[in-house]
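A.B. asks: Two chains, two frames, some hints: make the complex.
Okay, here's what each chain looks like letter by letter:
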Amino acid sequence: MGFKPKAITEEVNISKVNPLVDFARLLGAIIALTLVIYFILGLAVDWVVPQLTPEQDIWIGDTLAPAVAPQLGGEVLEEDTRQLYLSELLEDLCHPGDLDETPLTLNLIDSEVVNAAALAGGQLFVTTAFLEEVESENELAFVLGHELGHLSARDGLRSLGRGIFVLLGSLVLNFGHEGSGPDVIGYTLNLNRLNYSRSQEYAADEYGLESVVGHYGHGANSLDFFERLAARKEAFPEGLVRASEYFQTHPLTENRIQHLDAIAREEGWSMTGETTPVPSGLACADFACNESPPDS
Amino acid sequence: MEEIIFFLILLGIGYSFGILAEKKHYKDIKSREQETLSLAIASFGAKQPLPNASEAKLFVGAVVISSDYFKTFVMALRNILGGRVVAYESLLDRGRREALLRVKEQAIAWGATEVLNIRYETSTIGGNNQKGIAAIEVIAYGTAIR
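Protein sequences, first through last, are from chains A and B. The opening residue of the first sequence carries number 1 in my numbering; numbering runs sequentially from there. The opening residue of the second sequence carries number 1 in my numbering; numbering runs sequentially from there.
So that you can see chain B by itself, here it is in the shape it has in the complex (with noise of 0.2 Å):
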């Protein structure tokens, strides 16, 4: 019984902090990708000739990102039955969204005209077999000109 509280307890906790923080970074996301909405990015397929520039620069954003307690649990459901993860999704778009910005941001800061080639890289940290969190880590990189 004290164990069923504890764990109700927990998944509260996770789930209002977890909406909480959810909440806070879309609107922080929000107000930076309109602040960084004037940096163009284009990809270049491997045969086509890229643009003039006097100077090149690789930025890479990365960002981690961890599941509450009340989306793992849902997730140690859904592995059960299986189906669309969408406790996960919200996890997954802002990671994407946030490196890109922080691409974007450093390549502002540098003086960018440009952004060439984006690409993603997407790896999980521990996970729910090895009983450590369960985080993913988001990486976008590309080249900057000026």
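If we strip away everything but chain A, and leave its shape as in the complex, we get (with noise of 0.2 Å):
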């Protein structure tokens, strides 16, 4: 028995793939996969919200009411004047028959990030950041009435139902996929989301300035806020992180406004008539502010 040495001329362990045709296959497959599943979850969110009765959405609202304000960076104002007159102003908001079974909870909270938030079952909350921000009652209830809108449409659930199904997939599938690399699945998820989202702003941007046009007569102004904030983002495209927070997961302002101003000729609403101010010291606790100029 002879000893014929023989090379290796062919690898046959190797499979012959190229391994970037193989990454893109993956990394398709992944994000088509999470994609169906996302929609298939979306439209069971969208089935089981309004199922909801409304006790069942107040309890939601109640149970989670606590973890805003802390993620808002500030604490629940419980004795503040202001309170009292932005919880009338939102009475007067609330299109007529709308939102009857649900008390409204308007929550202050001292924070320097411009934000206004709706939650689930009447929850509101509005920042004293954002407060200073706003110039003339107008402008006030379209922010007001756009919150409204949300909580009219039960969005809070909606995108707490996705958020807890989004949560869950992740943990689920995040155990083969843990440090390495950013999350597929997140990333996938979240430009859903926002897009998700951006429909319903428009919704919510909507019943905002019936609210207003319904309170006021007309829809002067109440678009103010919106038109600062698009003229100062030109000047800071990055820079307005704090305001911009509440606008991440919205829609460009200009679109937005161009779209309400759309509706307002196609509803015949009057988009001119009279400014109405804000109450004086709206941007100071309890009305009462120090005349004195702070010290810097």
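Just so you know, the hints here were simulated from the structure itself, not pulled from any lab data. A virtual CB, placed ideally from N, CA and C, is assigned to each residue, including glycine. Among these hints, one or two may not hold up.
To be verified - A few chain A positions that, by computed beta-carbon distances, are all more than 12 Å from chain B: (1) D22; (2) V48; (3) L52; (4) P70; (5) D80; (6) Q258; (7) A264; (8) S270; (9) P277; (10) A285.
Said to hold, decoys possible - In silico DSS-like pairs for lysine-lysine, Cα to Cα no more than 30 Å straight-line: (11) K27(B) <-> K16(A); (12) K47(B) <-> K57(B); (13) K24(B) <-> K4(A); (14) K6(A) <-> K27(B); (15) K57(B) <-> K30(B); (16) K57(B) <-> K6(A).
C.D. replies: Quick look at the structure:
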């Protein structure tokens, strides 16, 4: 039995697949799979949310409300006379017959983040920094009306439901894939959530403008806040960190204004009229402003 | 956004350097395989008589090969869907061939005429879940006679 040396000439142990092609296929399959699952779950949430009773809605809102203030970097101001003014304005803005079974709760948060938010079950949040930015009651009313629109459409619950699914989904899927690169699944889902929330924002905008027109008889000046924001965004494309936080998942401000103007024309709403000023001292606690300029 | 850019850069580095290292290693492996071709390797059953020899010695060749960022990421995606981990095939192939080469080179230096009953052991070092490097160790060992 003689030994005849033979060299390895064929690489049978290595598949002849381009690693980049393999990578692209995998990535495509996972993204597609994530999207399919996400849309199915999204449909499930959209089906479940309308089935909830107002009581359940209120319960969810009450349960989650304490967690919002820390997220916005502040505390809820319990006794502040501005809250009463805002609550009354809110009642006036509510569309007649809408949200009848849901008591509206306005939480004023002492925070430097410019933000206003709607949760569920009538829970609304407004930050003190936002009140400082407001220049007329009309624009304040529009933002409050916008948030009422979210409450009315139960957008908070919808995004909450989706958020829970996203969390569960990424927990399950992350087993295989911890600690290597960014979360592909997470990114795919996030981009979709932005898209989803954009259509909600347009709907809430319409609700807000309708509220303002219903209350004041016209929609003049109500979009000033957005216009100022759009102007500032041009000046600081990335710089408006604090205010932009509120608008991250929101459509481009210019587009929103155009969209609202178009709706006003369609519905025959007047966009001119007298501006209602905000009560003096809205930016200060209990409307009581310290006359002396703050030390800087 | 920055995270994605950072990730793509890492992926690119992992891919290009991984390919480079692999090509270089294969070139090296192939030339050394040619050089050590003359040394016979034979495996025997338990009840077969061993060839006559004046001396016998155990030689061990161990090698550790690490994955690159690109391979690790592809592997992570594979974990979700399952299937052949093409990206890691070359890693193990290189490991085994390199380990065997180390055994053969030592045996040739010692003056072996034949290496009997080569065995392989493979183990992983670190891994994805421990957030460390993903690397494999391949050990080849066999009895050389002269």
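A.B. asks: All hints, please: hold or fail.
C.D. replies: Going down the list of hints, with the structure as the test:
With a least CB separation of 5 Å from chain B, D22(A) falls inside the 12 Å interface cut-off, contrary to its annotation. Distance check for V48(A) against chain B: the nearest CB is about 27 Å away, which clears 12 Å, and the non-interface claim stands. The Cβ of L52(A) lies farther than 12 Å from every Cβ of chain B, with a closest approach of about 33 Å, so its non-interface assignment holds. Residue placement check: P70(A) keeps its beta carbon more than 12 Å from all beta carbons of chain B (closest about 25 Å).
Under the 12 Å C-beta cut-off, the non-interface status given to D80(A) relative to chain B holds; the minimum distance is some 38 Å. Taking the minimum C-beta to C-beta distance to chain B, about 26 Å, the non-interface status of Q258(A) holds against the 12 Å cut. Distance to chain B confirms A264(A) as a non-interface residue, since its nearest Cβ pair spans about 35 Å, more than 12 Å. Even its closest Cβ contact with chain B, about 42 Å, leaves S270(A) beyond 12 Å, as expected for a residue assigned away from the interface.
Under the 12 Å C-beta cut-off, the non-interface status given to P277(A) relative to chain B holds; the minimum distance is some 41 Å. Remark: the non-interface label on A285(A) is consistent with the geometry, its nearest Cβ contact in chain B lying 38 Å away (cut-off 12 Å). Proximity of K27(B) to K16(A) is assessed by CA-CA distance (about 18 Å); at most 30 Å being required, the pair is judged to hold. As the CA atoms of K47(B) and K57(B) are separated by approximately 20 Å, the hinted pair is consistent with the 30 Å bound.
Between K24(B) and K4(A) the alpha-carbon distance is near 28 Å, which keeps this suggested pair within the 30 Å criterion. Restraint check for K6(A) and K27(B): the C-alpha separation of about 17 Å stays at or below 30 Å, so the hint holds. For the given pair, K57(B) sits about 26 Å from K30(B) by alpha-carbon distance, which is consistent with the 30 Å threshold. Using a Cα cut-off of 30 Å, the hinted pair K57(B) and K6(A) holds, with the two alpha carbons roughly 24 Å apart.
Comparing the model with each earlier hint shows a violation of hint 1 alone; every other hint is respected.
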